[in-house]
Amino acid sequence: MINLKSISLGKKLVGVFGLITILLIILSLTNITTLGTVDSETKSLLENEVTLKEKAYEINSQMLQARRSEKDFLVRLDASYIDKVTAATAEVKKNAGDIKNLDVLPERKEMADKVIVLIGEYEKPFLEVAQLTKTKGLDENSGLQGELLTAARDVENEIKKQNDDGLMAGMLELRRDEKNYILRGGADNQKILHDNEKILRDRIAASKLSQNAKDTINNKLLVYVSTFDKLVNIDSQIISKKAEFTNKVHEIEPIVAEFITDAIADESVVRAETQKMSSTAKATVTVLSLITIITCLAIGIYASRSVTKPVDTMLYASRKVADVALELSASSEEMKAATEQISNTSQDISQGVSQQASKMAEISRAMKEMSESIQQVSANSQKAAEGADAADKTAQEVGGMSKEVLKRMTEIQMTVDTSSRVIKELDTKSQKIGEIIGVITAIADQTNLLALNAAIEAARAGDHGRGFAVVADEVRKLAEESRSAAGTITELIKEIQHGTKQAVESMDKGTRTVTEGAGTVETAVTAIDRIVKAAAEVATMVQEIAAASEEQSVSVEEISATVEDVSTISEESAAATQEASAAAEEQTSSMEELVMSAQKLAELSDKLQEDVVKLKGRSKSDTSGQIQRDEEKPAVQEIKKMEMVEKKPAEMGGKPAKPEEKTKGKKKQIEKNHVKNCWEFMKCGREKGGSKAGELGICPSYPEKGKECWKVAGTFCGGKVQGTQAQKHDTCLVCDWYKIVKT
Numbered sequence: 017m018i019n020l021k022s023i024s025l026g027k028k029l030v031g032v033f034g035l036i037t038i039l040l041i042i043l044s045l046t047n048i049t050t051l052g053t054v055d056s057e058t059k060s061l062l063e064n065e066v067t068l069k070e071k072a073y074e075i076n077s078q079m080l081q082a083r084r085s086e087k088d089f090l091v092r093l094d095a096s097y098i099d100k101v102t103a104a105t106a107e108v109k110k111n112a113g114d115i116k117n118l119d120v121l122p123e124r125k126e127m128a129d130k131v132i133v134l135i136g137e138y139e140k141p142f143l144e145v146a147q148l149t150k151t152k153g154l155d156e157n158s159g160l161q162g163e164l165l166t167a168a169r170d171v172e173n174e175i176k177k178q179n180d181d182g183l184m185a186g187m188l189e190l191r192r193d194e195k196n197y198i199l200r201g202g203a204d205n206q207k208i209l210h211d212n213e214k215i216l217r218d219r220i221a222a223s224k225l226s227q228n229a230k231d232t233i234n235n236k237l238l239v240y241v242s243t244f245d246k247l248v249n250i251d252s253q254i255i256s257k258k259a260e261f262t263n264k265v266h267e268i269e270p271i272v273a274e275f276i277t278d279a280i281a282d283e284s285v286v287r288a289e290t291q292k293m294s295s296t297a298k299a300t301v302t303v304l305s306l307i308t309i310i311t312c313l314a315i316g317i318y319a320s321r322s323v324t325k326p327v328d329t330m331l332y333a334s335r336k337v338a339d340v341a342l343e344l345s346a347s348s349e350e351m352k353a354a355t356e357q358i359s360n361t362s363q364d365i366s367q368g369v370s371q372q373a374s375k376m377a378e379i380s381r382a383m384k385e386m387s388e389s390i391q392q393v394s395a396n397s398q399k400a401a402e403g404a405d406a407a408d409k410t411a412q413e414v415g416g417m418s419k420e421v422l423k424r425m426t427e428i429q430m431t432v433d434t435s436s437r438v439i440k441e442l443d444t445k446s447q448k449i450g451e452i453i454g455v456i457t458a459i460a461d462q463t464n465l466l467a468l469n470a471a472i473e474a475a476r477a478g479d480h481g482r483g484f485a486v487v488a489d490e491v492r493k494l495a496e497e498s499r500s501a502a503g504t505i506t507e508l509i510k511e512i513q514h515g516t517k518q519a520v521e522s523m524d525k526g527t528r529t530v531t532e533g534a535g536t537v538e539t540a541v542t543a544i545d546r547i548v549k550a551a552a553e554v555a556t557m558v559q560e561i562a563a564a565s566e567e568q569s570v571s572v573e574e575i576s577a578t579v580e581d582v583s584t585i586s587e588e589s590a591a592a593t594q595e596a597s598a599a600a601e602e603q604t605s606s607m608e609e610l611v612m613s614a615q616k617l618a619e620l621s622d623k624l625q626e627d628v629v630k631l632k633g634r635s636k637s638d639t640s641g642q643i644q645r646d647e648e649k650p651a652v653q654e655i656k657k658m659e660m661v662e663k664k665p666a667e668m669g670g671k672p673a674k675p676e677e678k679t680k681g682k683k684k685q686i687e688k689n690h691v692k693n694c695w696e697f698m699k700c701g702r703e704k705g706g707s708k709a710g711e712l713g714i715c716p717s718y719p720e721k722g723k724e725c726w727k728v729a730g731t732f733c734g735g736k737v738q739g740t741q742a743q744k745h746d747t748c749l750v751c752d753w754y755k756i757v758k759t
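Numbers in the working numbering are just positions in the sequence shown, counted from 1, shifted up by 16.
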């Protein structure tokens, strides 16, 4: 089983942000797939079901157009209506073919095939009727009607030449029978005409006309009757063909009606499925978004703890370095005081050889203490070097991992930006779908208006327009149903657009969050780089301190050897005393360098702690107490040094050498070196408040730099007025710096 604690911080961060990237990719792919499915189903609705209904309506409309042109041709006998019928049937075939090419049920395609076959079976007999009608004659002067009229006139003209009224009366009876047939039709009228023909022929035979005249009239009468029979025969064919294509129309009409009914039903089913799919998509996106947010928060907390834990370790190490530096500085001051005491003792030795033995004992004890102090300094320096090396390595590791984190955050930001653009494009497409539905609604309104106009025209036609009025009313109803369906689709598209808009807003919010995270990581990288540099400087300073400690150890060994020589050879005491004095001066110089190095090490450690605090994101109020304590350290350190200097001569058993004068001189030296007064120690120049908010240096005593600013009422500390002079004086009595420079 994998132990998470054994995995390096870099691998943990890479794994954490890799998991976040995978979750975001899954969320983006799910959104794209879901929205793509909804878009596909919407297109299917528009391209298949809506198109199927439109094609069904168009077939119905073109069938009505064909029937109207058919009626117009049969009534008006205008050949131009034949082309209109042909064009209408061609449109029916085209729309039926388009339905076959749609992604619809096989039953719908079979119905389309049947419509194509039936419309062809309708068109063929109609064209035959049209051709028979042309043969019959589109008017009384063309075709068989023209021939019949010519034949009748030939018989009449021939009878007129013979001036026989009886024969003319018989011929007129035949013409009457002809007109009766033309107006009423029927085999009875044809039989009557043939019966009257026999009567007329009998009259011709009984007449007194010449045989030649009789033959001429009979021949022309035969032509007339033959032409009439041909006309009757064509009429019979026309009636038969009419019945044939009328039956085909009656077969097509229920199929078209079924097309429309099925299209409306299929549209409702698809609409319900689309709504269900949209709801499922919304639920899926919402659940995945919540899971992703919760997972990212958990991962973020884990990553934060993984980064801050080693940083806390580094902060602890830096504090240890600071403590060691303070101890090192204090030990160095002790050695410096001891060295000064050795110098004073060497001067006393030069005044009398009689005191040499006792002084050598004191020097020996002092050198032992100094050797122990130097060993402690060396040990502390070694610890400080180890802590600084560990802090440097940890800071470099965190710096490398932070740069990798910044790279991963940049890749995540690019992925989220791409997902946002894809979702915005889908939103644009759904808006275009809404525009198409608007066009469909406008077409339905125009169809409704045309149906209304047709109804008005049918009303004007009276009884003859009743049938057309019924058709116009059906067209109006179909237009209203189309408009209602388009309105329903519009509502569905609006819901889809609303869902898409929510997805866009969600992705925009995710984009902003990732951008802010990238900025935070970049800030962390900058802070860690500073920490790495500071850690390197700390390591360098610790190495210098260790080297100085080694030099001090060598000097102490030399002083010890010199003291032993002075103890054994009293004759050389004066020379030995001078050598000890010189060595003490060198030791004093080394101690001063060591003190300066320790102070620099403390400053670098403080800076490292501040950078670590910034990296961990602590507030200003959390760090202000630490800063103030750091600022108090020099003063407290100076107090300890001064007390140590006052107590050291007594502890060593030597001559105090005027302690009051040394203490007074030490206080002056402190003021001279540090030039610190109360307002500097408490940072009164940084206080905010008073007459102008945000103004610096408003402490009443600050402009004059009075050394006794605690005696001035109304001064500030921590942003708060300290009260009256008496209250401020009581407060300042507990301040370490007040104890140093009070008068």
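Do not take every clue at face value.
In silico DSS-like links for lysine-lysine, alpha-carbon gap of 27 Å or less [to be verified]:
no.: 1; residue 1: K493; residue 2: K517
no.: 2; residue 1: K525; residue 2: K109
no.: 3; residue 1: K130; residue 2: K177
no.: 4; residue 1: K409; residue 2: K399
no.: 5; residue 1: K140; residue 2: K100
no.: 6; residue 1: K140; residue 2: K177
no.: 7; residue 1: K448; residue 2: K399
no.: 8; residue 1: K419; residue 2: K440
no.: 9; residue 1: K236; residue 2: K214
no.: 10; residue 1: K109; residue 2: K230
no.: 11; residue 1: K264; residue 2: K87
no.: 12; residue 1: K616; residue 2: K399
no.: 13; residue 1: K384; residue 2: K440
no.: 14; residue 1: K549; residue 2: K525
no.: 15; residue 1: K440; residue 2: K292
no.: 16; residue 1: K298; residue 2: K493
No lab work stands behind these hints, which were simulated from the structure alone.
Structure-based check of all given hints:
1. K493 <-> K517: Violated: K493 and K517 sit about 36 Å apart, past 27 Å.
2. K525 <-> K109: 53 Å, violated
3. K130 <-> K177: 63 Å, violated
4. K409 <-> K399: Measuring from Cα to Cα gives roughly 15 Å; hence the hint holds.
5. K140 <-> K100: 14 Å, holds
6. K140 <-> K177: 48 Å, violated
7. K448 <-> K399: 73 Å, violated
8. K419 <-> K440: Outside the cut-off at roughly 32 Å; violated.
9. K236 <-> K214: 14 Å, holds
10. K109 <-> K230: With Cα atoms ~59 Å apart, K109 and K230 exceed 27 Å; violated.
11. K264 <-> K87: 15 Å, holds
12. K616 <-> K399: Holds. K616 to K399 sits at ~17 Å (cutoff 27 Å).
13. K384 <-> K440: Status violated; Cα separation ~83 Å.
14. K549 <-> K525: 37 Å, violated
15. K440 <-> K292: 23 Å, holds
16. K298 <-> K493: 37 Å, violated
Consistency note: the structure conflicts with the earlier hints numbered 1, 2, 3, 6, 7, 8, 10, 13, 14 and 16.
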